[in-house]
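*Asks:* Chain P is already provided as a structure; the job is to place chain S on it using the hints.
Protein sequence lines correspond, in order, to chains P and S. Position in the first sequence (from 1) plus 102 gives the number in the working numbering. Position in the second sequence (from 1) plus 210 gives the number in the working numbering.
Calculated directly from the structure, the hints in this document are not laboratory data. Heads up, some of the hints might be wrong.
For lysine-lysine, the following DSS-like pairs were computed, each having C-alpha atoms within a straight-line distance of at most 25 Å [said to hold, decoys possible]:
no., chain 1, residue 1, chain 2, residue 2
1, S, 265, S, 284
2, P, 140, P, 104
3, S, 281, S, 316
4, P, 109, P, 140
5, P, 273, S, 284
6, S, 281, P, 273
7, P, 140, P, 151
8, P, 133, P, 145
9, S, 321, S, 281
10, P, 273, S, 316
11, S, 295, S, 281
12, P, 251, S, 321
13, S, 295, P, 273
14, P, 140, S, 265
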Amino acid sequence: MKTFEEKWTAWLDGRLSDTELAEFEASLPDKAAAEAEKAEATKLSLLLKRELGAQALLNEEFFNHQIRERIARESGESRNREAEVSPWWTIRRLLWTGTASLAVFLVMAIFVMRDKNPAEQSQYLTQILNARVDPVVSPNATISMFETKEDRVTVLWTEGLQSLPSDYAAK
Amino acid sequence: MARSLLLFVAFALVLSTATELRGAETVWSGLVIAENVEQPQPIPLELTRIEQPLKHLFGYNQFQVIGQSRKALKTGQEDWLATSKFFGLHVNARGESVAGYVLNLKLYKEKELLLETDAKLSRRSPLVIKGPQVGSGQLLLVLVVQ
Numbered sequence: 103m104k105t106f107e108e109k110w111t112a113w114l115d116g117r118l119s120d121t122e123l124a125e126f127e128a129s130l131p132d133k134a135a136a137e138a139e140k141a142e143a144t145k146l147s148l149l150l151k152r153e154l155g156a157q158a159l160l161n162e163e164f165f166n167h168q169i170r171e172r173i174a175r176e177s178g179e180s181r182n183r184e185a186e187v188s189p190w191w192t193i194r195r196l197l198w199t200g201t202a203s204l205a206v207f208l209v210m211a212i213f214v215m216r217d218k219n220p221a222e223q224s225q226y227l228t229q230i231l232n233a234r235v236d237p238v239v240s241p242n243a244t245i246s247m248f249e250t251k252e253d254r255v256t257v258l259w260t261e262g263l264q265s266l267p268s269d270y271a272a273k
Numbered sequence: 211m212a213r214s215l216l217l218f219v220a221f222a223l224v225l226s227t228a229t230e231l232r233g234a235e236t237v238w239s240g241l242v243i244a245e246n247v248e249q250p251q252p253i254p255l256e257l258t259r260i261e262q263p264l265k266h267l268f269g270y271n272q273f274q275v276i277g278q279s280r281k282a283l284k285t286g287q288e289d290w291l292a293t294s295k296f297f298g299l300h301v302n303a304r305g306e307s308v309a310g311y312v313l314n315l316k317l318y319k320e321k322e323l324l325l326e327t328d329a330k331l332s333r334r335s336p337l338v339i340k341g342p343q344v345g346s347g348q349l350l351l352v353l354v355v356q
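Pulled out of the complex, with its shape left as it was, chain S reads as follows:
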């Protein structure tokens, strides 16, 4: 009986700790160009977690980050921008839930809005958005909670 109580208390502590830690989570947002090349560069560290699904889904062998942002979320209401020379990804966090963060994403080409989406980003589940074709490659937007 005492052991069961201890387990329950430990579980509650872990839960509360996890909740506190989520307040300090970091969201990595990246603009990625996927291409097929003869000698592909190693995949960036931020994308190693999803290397296989990226290659499998899009059929490219090289993924290069052309713009990125790493934002530590404290209130879940922050907004930030990941930019490259021509593209800009504006992310506006609109709150936090048990499952993750509610985000509004806008992809700009210079000042032109190409795509807008609302998503609930989970800590365990990266988000990949297929953007426009760029040359022989493909622009991808990737968001990962780290």
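This is chain P alone, in the form it adopts within the complex:
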């Protein structure tokens, strides 16, 4: 013969047969309160199963876990300290910045030189500043000047100068 507590526990666990279940539920003074209590017990049971189901750490693993955590925490702190102490302009960054600045300067210089090139090119060619012929000796003489860019030869071209006999070609 089962006691009431045994039947109550079996009822909560859903282990009563149909006959026992009918008899037990008929014997309950307040079935609604009992159903509510059963629902609470079921909920508690599920919670316990879920929580107790997680694997508990063994001692050895627990200490290992603690040590790893501590190491990670301390190394994180030291990294943070280093980050706070080390300046942003490290030697490496300075070198990179210097090299990059030099490269930019050279590029700009090349562009500027290229822009100036046509004007400066004439400086490297011989320039005729002025020219004149004696108007009495050669009244119809004209003067012009030009440069041959390929050969870099500057020419002062005269026309109408007084022609001379071939004797004047003597050395």
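*Replies:* Just chain S now, kept in the frame of chain P:
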């Protein structure tokens, strides 16, 4: 970075050396008769550099030097004379610039001034002046920085 500095220093040295060397440059001045002949003589050594433009511009196949002068410029203020029997080219250097020398040139036929010009003679760029017709040829004045 160190390599860039070295390059910069080398460039500066080359520039300064070039400036010093320019002080010892020589200007060759020549009176040249250009003619067309059946068997042309080889072009004088001083004119080989400009042989093609001379032939192309003036249309002659022979160029003979009838008078010349070679002057080493030290101060850029020198003057000199290149003469032939009848012609004289007086060159008066009036200073030196980055591009070259400022020269005053006077071409004389005996004592008669035929032509006068001022020019800035560049080291890289010869100057050729077309003078009077002489017989079947042409008198040319040539100045080259050597």
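*Asks:* Please write out, lowest number first, the hints stated earlier that are contradicted by the structure.
*Replies:* Violated hints: 1, 5, 12, 14; rest satisfied.
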